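Student: Here's the letter readout for the chains.
There are 4 protein chains.
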Amino acid sequence: MQAYVYGSKRELPEGFEDYVSRKNTAVISIDMHEGHLADTPDCPCPTPRARDIVEPLNKFHRAARALGVPIIHIRSVLRKGGVDDINGIPSAWRRTFPLYVGDIPNADEHAIEGTRWTNFVTEVAEGDLIVETKKRLSAFYPTDLDFLLRNMRIETVIFDGGFTDCCVLNSSFDASNHNYRVVVLRDLVRGTNDEMEDAALKIVSLHLGLVMDSADLLAAWRT
Amino acid sequence: MQAYVYGSKRELPEGFEDYVSRKNTAVISIDMHEGHLADTPDCPCPTPRARDIVEPLNKFHRAARALGVPIIHIRSVLRKGGVDDINGIPSAWRRTFPLYVGDIPNADEHAIEGTRWTNFVTEVAEGDLIVETKKRLSAFYPTDLDFLLRNMRIETVIFDGGFTDCCVLNSSFDASNHNYRVVVLRDLVRGTNDEMEDAALKIVSLHLGLVMDSADLLAAWRT
Amino acid sequence: MQAYVYGSKRELPEGFEDYVSRKNTAVISIDMHEGHLADTPDCPCPTPRARDIVEPLNKFHRAARALGVPIIHIRSVLRKGGVDDINGIPSAWRRTFPLYVGDIPNADEHAIEGTRWTNFVTEVAEGDLIVETKKRLSAFYPTDLDFLLRNMRIETVIFDGGFTDCCVLNSSFDASNHNYRVVVLRDLVRGTNDEMEDAALKIVSLHLGLVMDSADLLAAWRT
Amino acid sequence: MQAYVYGSKRELPEGFEDYVSRKNTAVISIDMHEGHLADTPDCPCPTPRARDIVEPLNKFHRAARALGVPIIHIRSVLRKGGVDDINGIPSAWRRTFPLYVGDIPNADEHAIEGTRWTNFVTEVAEGDLIVETKKRLSAFYPTDLDFLLRNMRIETVIFDGGFTDCCVLNSSFDASNHNYRVVVLRDLVRGTNDEMEDAALKIVSLHLGLVMDSADLLAAWRT
Chain A
1 MQAYVYGSKR ELPEGFEDYV SRKNTAVISI DMHEGHLADT PDCPCPTPRA RDIVEPLNKF
61 HRAARALGVP IIHIRSVLRK GGVDDINGIP SAWRRTFPLY VGDIPNADEH AIEGTRWTNF
121 VTEVAEGDLI VETKKRLSAF YPTDLDFLLR NMRIETVIFD GGFTDCCVLN SSFDASNHNY
181 RVVVLRDLVR GTNDEMEDAA LKIVSLHLGL VMDSADLLAA WRT
Chain B
1 MQAYVYGSKR ELPEGFEDYV SRKNTAVISI DMHEGHLADT PDCPCPTPRA RDIVEPLNKF
61 HRAARALGVP IIHIRSVLRK GGVDDINGIP SAWRRTFPLY VGDIPNADEH AIEGTRWTNF
121 VTEVAEGDLI VETKKRLSAF YPTDLDFLLR NMRIETVIFD GGFTDCCVLN SSFDASNHNY
181 RVVVLRDLVR GTNDEMEDAA LKIVSLHLGL VMDSADLLAA WRT
Chain C
1 MQAYVYGSKR ELPEGFEDYV SRKNTAVISI DMHEGHLADT PDCPCPTPRA RDIVEPLNKF
61 HRAARALGVP IIHIRSVLRK GGVDDINGIP SAWRRTFPLY VGDIPNADEH AIEGTRWTNF
121 VTEVAEGDLI VETKKRLSAF YPTDLDFLLR NMRIETVIFD GGFTDCCVLN SSFDASNHNY
181 RVVVLRDLVR GTNDEMEDAA LKIVSLHLGL VMDSADLLAA WRT
Chain D
1 MQAYVYGSKR ELPEGFEDYV SRKNTAVISI DMHEGHLADT PDCPCPTPRA RDIVEPLNKF
61 HRAARALGVP IIHIRSVLRK GGVDDINGIP SAWRRTFPLY VGDIPNADEH AIEGTRWTNF
121 VTEVAEGDLI VETKKRLSAF YPTDLDFLLR NMRIETVIFD GGFTDCCVLN SSFDASNHNY
181 RVVVLRDLVR GTNDEMEDAA LKIVSLHLGL VMDSADLLAA WRT
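Protein chains in written order, with full-length UniProt numbering: chain A, 1 to 223; chain B, 1 to 223; chain C, 1 to 223; chain D, 1 to 223.
Just so you know, these hints were derived from the structure itself, not from any lab.
Computed from a predicted model, the values in this text were never measured in an experiment.
A portion of the hints provided could be inaccurate.
The list treats identical chains as one, so a pair stands whether inside a single copy or across any two.
[What the hints assert, rightly or not] Keeping only pairs whose Cα atoms sit at most 16 Å apart, straight-line, the calculated EDC-like set for lysine to aspartate or glutamate is:
| no. | residue 1 | residue 2 |
| --- | --- | --- |
| 1 | K9 | D187 |
| 2 | K59 | E197 |
| 3 | K80 | D128 |
| 4 | K23 | D198 |
| 5 | K23 | E195 |
| 6 | K80 | E126 |
| 7 | K59 | D187 |
| 8 | K9 | D216 |
| 9 | K59 | D213 |
| 10 | K9 | E55 |
| 11 | K59 | E113 |
Okay, chain A solo, but in the shape it has when bound (with noise of 0.2 Å):
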């Protein structure tokens, strides 16, 4: 069993089955939508790294579904009106972002319910599980994520999906503290850049859980 280690790959000694145990798994993908990944100029919110995973992503899903793991998906959903963020306390991001990568012309209708930004761009198949009342970055965070988990008895959970470095990495700690275990799938996620990849993904190692390939984790599943 392999895992990256503050990014080196490396074969794990024994004492971690429980992270790749079919058993009381979830795999959660984050915010796989439009509002990010949206190749149009008015895309609110764009992550177009992210764009390269939708199609590796889909095909981890079929075989997660195949051995019977459920996958949860995650969106950030706000009201319209803006209530919850502009017009209430703004998100950090709204304010920081812009002083690195310049003015986000439409961020305004980030995630806007009734919008096209809140459209998955992932595959959701009957069965799958939505959660999306996510409204900042953590997927635990004012969401029935938790509550969701417990009543179906999870205690592994696997992330995929956008922002490695920070929607990701918030809600690896999130699960972390609530007790779940932590897998990130290194090649189904996607931040900032490669740097913040890299770092986020070092941290996740570090404190937070396992760094796998999905191919890795799909064969522990298997055996």
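Chain A is already provided as a structure; the job is to place chains B, C and D on it using the hints.
Tutor: Below, chains B, C and D alone, put in the same frame as chain A:
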């Protein structure tokens, strides 16, 4: 007003005044206790880099107090017998961090109530506040920190202290999600190594809040 | 200013003005949907007493809106397939309430997303807000209500709607713990029976907030 | 197996075995401290009715320990200076309860850390657990109780202790929402008066869990 944007110190545009207002602001100092900082072989979770900031932290806290800004000291405290960690559901770091740094000899004693490992090494003054049910990585979980901040009507939190890429970063995510304005003091936090410190501060600057030097924050507070 | 103290309507002394200020106040209307209120044999969780307050509620909400007080409608919504209730860890009421009232024929359909049972029977106006991940008894858990109220800078909540001795009482406990001022409108809530309604309102009046008639609250708001 | 359904003791049908399994069960004893129970004029929040259950509680706890069921003692502890209550956002009960019982002379001292008012009057044995950041009415908020129970893999909670219609009822709502099975021990809780005790136990029996006599629970545990 200057802050570090993705590692580069820059003059910020207008619009960040609420981050450097003394009003409704608290300093939150994370895990500056002997369990991380004791310079002895039995230190259960050593973060030796943070020893360098003990005196600078004391000095900054004195200046903050003089300006009427409250100081909240956070410490991890675990129950005797290990029921809420090693004999319950063990913290992820206990399993993953040794993959990188090797065996941590006395880790089982980390944060146990009634031991010297929970003693603060920084000064705690009359009137300072203490939050001490932190049991994993975030200062917010499972603690009464958010409850306390709401009672104090705090809107901006200033983080200093231990493990830039771990507890400080996690607490910054949580504070940001809970709609507090977040400032992390670049010269008054320490992490696993140079690379992780730098990366964690970049993540904060992109998504979570401002990364500032303490001298600049004090200067802003004084004007 | 008058309120019910342990069942008796009395003039209150000074010091309760923040409870009846329109400023930073929201009305929270709980579970006025067909799943409780439909007058058909397949109603999955009937609370017939609450049918009497549909029109009075609409009237009060119109008056509140005219005064600029926002209305937040709460509804329970459970996922198809029962993963977060009957096929997960079943709600306690599903097991205990039938001991008192007998079998509830269509209870499995209660609150299932996509069914008519989640339709509101009270008016929802443009500009009203909806919170709909309530899955057990409290309007706060596991929902984004607290997050929403903080973004709106709400300090006082006015409860009306269904099951005085259950969801209204539970939500009043939670709101009080979260440091909101709580008002329950005696004429605009209904419970299991006269005895439980009376008892729940007494409990609110002792420990949690004010029990008022809606006409008195409107009068206070208008002065 | 017998329990009180809306005030009447009855034989339950099959299907409630998980409520009376010793496995994954903990006893949670609420606020049996001098701040409520001291028989002196300066008792800051007197609940004199609960003095009668101190010895019965001790006896029940001894029997539970002998059967391997852990005891968790909850106590309210507030910071000196009143920052998290009277000088922050005051607890609702401080404002409403005096409307019914009149002025409470020493209420400002209630639960202040370092005073005698936080001393337990019931026995705390080696191996018992303590949760002590309760600051309002629920044993769960803002405390680490849920975190502790999850680490202990507890699924059923048995409540005893103080204020049937207040902290015990609130904690029962929270435990039920968090998907624990709830048992309240009718003979080992006390409330404001006979009427409120009776009402709160009826509410528990309808919506939240089982109301049992401690002797019946012990008998079930022993079979």
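Student: Are the hints correct? Go through all of them and say.
Tutor: Here's how the hints hold up against the structure:
1. K9 to D187: Only inside one copy: K9 and D187 sit 13 Å apart there, 33 Å across copies, limit 16 Å.
2. K59 to E197: neither (22 Å within a copy, 36 Å between copies)
3. K80 to D128: between (26 Å within a copy, 10 Å between copies)
4. K23 to D198: This pair counts as neither: shortest intra-copy Cα distance 29 Å, inter-copy 38 Å.
5. K23 to E195: The answer is neither: 34 Å in one copy and 36 Å across copies each exceed 16 Å.
6. K80 to E126: Close across copies (10 Å), not inside one copy (28 Å); limit 16 Å.
7. K59 to D187: Within one copy, since 12 Å is at most 16 Å while 45 Å is not.
8. K9 to D216: within (11 Å within a copy, 41 Å between copies)
9. K59 to D213: within (14 Å within a copy, 46 Å between copies)
10. K9 to E55: neither (24 Å within a copy, 39 Å between copies)
11. K59 to E113: Neither. Shortest intra-copy (28 Å) and inter-copy (28 Å) distances fail the 16 Å Cα cut-off.
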